[in-house]
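Position one of the sequence shown corresponds to residue 1 (the working numbering), numbered consecutively onward.
It cannot be assumed that every hint is accurate.
Here are the simulated DSSO-like pairs of lysine-lysine, each with C-alpha atoms no more than 27 angstroms apart in a straight line [stated by the list, open to error]: (1) K105 <-> K425; (2) K481 <-> K439; (3) K105 <-> K470; (4) K105 <-> K439; (5) K470 <-> K439; (6) K425 <-> K120; (7) K470 <-> K481; (8) K105 <-> K411; (9) K483 <-> K470; (10) K483 <-> K105; (11) K183 <-> K127; (12) K386 <-> K425; (13) K183 <-> K164; (14) K439 <-> K483; (15) K425 <-> K411; (16) K386 <-> K439; (17) K481 <-> K105; (18) K105 <-> K386; (19) K411 <-> K386.
No lab work stands behind these hints: they were computed from the structure. Quick caveat: nothing in here was measured; it's all calculated off a predicted structure.
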Amino acid sequence: MNLRRFTLALLAALFALVATAARPPNIVFILADDLGINDLHCYGRADQHTPNLDRLAQQGLRFTSAYCAQPICSPSRAAILTGKAPARLHLTTYLPGRPDCVSQKVLHPEIEMQVPLSEKTIARYFKGAGYTSAAIGKWHVGGRGFGPREQGFDFYHPGQANTKPSATEGGKGEYDLTAAAEKFIEANRERPFLVYLAHNAPHIPYDAQPARIANNAGAFEPVYAGVIETLDDTVGRLLARLDALNLADHTIVVFTSDNGGLHVPEGPHPRVTHNTPYRAGKGFVYEGGLRIPLIVRWPGHVPAGRVVETPVLNTDWVPTLLELCGQPVPPGLDGRSFAGLLTGKAEPPARPLFWHFPHYTNQGSRPSGAMREGRWMFVEYYDEAKVELYDLASDPSEARDLAPQQPERIKRMRAALSAWRADVKAQENRPNPDFDPAKYRALYVDVDASRFDPAHASPAQWEAMWQWRKAMNAAVSQAQKAKR
Numbered sequence: 001m002n003l004r005r006f007t008l009a010l011l012a013a014l015f016a017l018v019a020t021a022a023r024p025p026n027i028v029f030i031l032a033d034d035l036g037i038n039d040l041h042c043y044g045r046a047d048q049h050t051p052n053l054d055r056l057a058q059q060g061l062r063f064t065s066a067y068c069a070q071p072i073c074s075p076s077r078a079a080i081l082t083g084k085a086p087a088r089l090h091l092t093t094y095l096p097g098r099p100d101c102v103s104q105k106v107l108h109p110e111i112e113m114q115v116p117l118s119e120k121t122i123a124r125y126f127k128g129a130g131y132t133s134a135a136i137g138k139w140h141v142g143g144r145g146f147g148p149r150e151q152g153f154d155f156y157h158p159g160q161a162n163t164k165p166s167a168t169e170g171g172k173g174e175y176d177l178t179a180a181a182e183k184f185i186e187a188n189r190e191r192p193f194l195v196y197l198a199h200n201a202p203h204i205p206y207d208a209q210p211a212r213i214a215n216n217a218g219a220f221e222p223v224y225a226g227v228i229e230t231l232d233d234t235v236g237r238l239l240a241r242l243d244a245l246n247l248a249d250h251t252i253v254v255f256t257s258d259n260g261g262l263h264v265p266e267g268p269h270p271r272v273t274h275n276t277p278y279r280a281g282k283g284f285v286y287e288g289g290l291r292i293p294l295i296v297r298w299p300g301h302v303p304a305g306r307v308v309e310t311p312v313l314n315t316d317w318v319p320t321l322l323e324l325c326g327q328p329v330p331p332g333l334d335g336r337s338f339a340g341l342l343t344g345k346a347e348p349p350a351r352p353l354f355w356h357f358p359h360y361t362n363q364g365s366r367p368s369g370a371m372r373e374g375r376w377m378f379v380e381y382y383d384e385a386k387v388e389l390y391d392l393a394s395d396p397s398e399a400r401d402l403a404p405q406q407p408e409r410i411k412r413m414r415a416a417l418s419a420w421r422a423d424v425k426a427q428e429n430r431p432n433p434d435f436d437p438a439k440y441r442a443l444y445v446d447v448d449a450s451r452f453d454p455a456h457a458s459p460a461q462w463e464a465m466w467q468w469r470k471a472m473n474a475a476v477s478q479a480q481k482a483k484r
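Could you build the full structure based on these sequences and the hints that come with them?
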């Protein structure tokens, strides 16, 4: 009798193993908010503690040239969810967008205030493949009537963007969001699932548990470092739950950010982070705003411990995940699958990357576009006849503008960027009839926020940037009052 029970149990276990092996992989997509390219210890940030994400990088691939589709939250998230360029979606800045100010030479285009329901999201694609899906945390690509459930997700837990740090919670609701993800995974462990876990950390305003702040007293910004450590701890908890449920080997885990880190003072924070060696940060089409951390793990399929320099774009996630899960990739997407790169089977064909960002931002950037082709980064401003060219191989900080020495390359790249804008039907700026040249000069000429280097700034430079921040806030506040 004991032998019979043992045989039956063994057969049941083998059947479960075969069923799991035949099932498509689960997906856990973890998205940080404004996490910079070098904010993790495994990316070289010695003053910040991220042991769980460092371990995840050792177990999978770590990308050094991963790019966001836009250096600001809403359009970048829209690109992840749809596989389409923000310029094509006409959703090119954060929602609801910044009001036009008299300090602007040109006006913002009238953007879409949501991802239209006519666009197919990653949740809808995977629902057709038998997946159940959850959106947990920050949404920010549409309000009422355009939320996660309307866009195809089966479960939605928004959580809270800001929480009071305690023994059981951080300052950005990190543990609550993680608990919701764990609960969803456990409830759906017998079927394929997609978890889109969009943290609010480390976006301003932020806070952390006192012990974590003290633990990071020597960091560039101790509270920010405490937030990063908290985020890392919650990632560790989620990975441990996958292990406990025997799901780790059958789950694709992606960890990334929506855009680059915030390098200028903003909100209540005199300093936030730095993106050294890259120029600028969130809001800019320079490398500090566009480059993002990216770690991918899938045991047995994605090689462990590799560092990948091949450029990829977060618009690529819909086709990439569909291909990894054995699903057809639909036509009409702007993103391209890099599944072969992840599995080590094939390098993706070389291609140019394009950005269209026709907005002034709170971080001090101006309407501009960019194109990366191989080692070359081309930047074009839309509010004046100005172009720049940088050799990223020899000048990753984008300190030396080579445009005067490369007229033919400039001509060709400018034409290519223009042709791409026409292809995606990108919106354009128009002149601002209320333009005030003096106020423009004060915010964008006398101070070039893209050149501010927080890692090496003197006390006088920090004070100058704090005064600039006050002037920028005043300009936006005045515009908001005029709009009412």
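Consistency of the hints with the structure:
Note on K105 and K425: the hinted pairing holds, with a Cα-Cα distance of about 22 angstroms set against a maximum of 27 angstroms. Restraint check: the Cα-Cα separation between K481 and K439 comes to about 17 angstroms, which is no more than 27 angstroms; the hinted pair holds. With a C-alpha separation of about 20 angstroms, the suggested pairing of K105 with K470 holds against the 27 angstroms cut-off. At roughly 10 angstroms between alpha-carbon atoms, K105 and K439 fall within 27 angstroms of each other, so this suggested pair holds.
Between the alpha carbons of K470 and K439 the distance comes to roughly 13 angstroms, so the proposed pair stays at or under 27 angstroms and holds. Taking the CA atoms of K425 and K120, the gap is about 19 angstroms. The hint holds against a cut of 27 angstroms. Of the supplied pair hints, the one linking K470 and K481 holds, its CA atoms being roughly 16 angstroms apart against a limit of 27 angstroms. Taking the CA atoms of K105 and K411, the gap is about 24 angstroms. The hint holds against a cut of 27 angstroms.
For the proposed pair K483 and K470, the alpha carbon gap of about 20 angstroms is at most 27 angstroms, so the pair holds. For the suggested pair K483 and K105, the alpha carbons sit about 18 angstroms apart, so the restraint of at most 27 angstroms is met. For the hint pairing K183 with K127, the CA-to-CA distance comes to about 20 angstroms; that is within 27 angstroms, so the pair holds. At roughly 22 angstroms between alpha-carbon atoms, K386 and K425 fall within 27 angstroms of each other, so this suggested pair holds.
For the proposed pair K183 and K164, the alpha carbon gap of about 23 angstroms is at most 27 angstroms, so the pair holds. Between K439 and K483 the alpha-carbon distance is near 18 angstroms, which keeps this suggested pair within the 27 angstroms criterion. For the given pair, K425 sits about 21 angstroms from K411 by alpha-carbon distance, which is consistent with the 27 angstroms threshold. For the hint linking K386 to K439, the alpha-carbon distance of about 20 angstroms falls within 27 angstroms, and the restraint holds.
For the given pair, K481 sits about 20 angstroms from K105 by alpha-carbon distance, which is consistent with the 27 angstroms threshold. With a CA separation close to 14 angstroms, the supplied pair K105 and K386 stays within the 27 angstroms bound. For the given pair, K411 sits about 12 angstroms from K386 by alpha-carbon distance, which is consistent with the 27 angstroms threshold.
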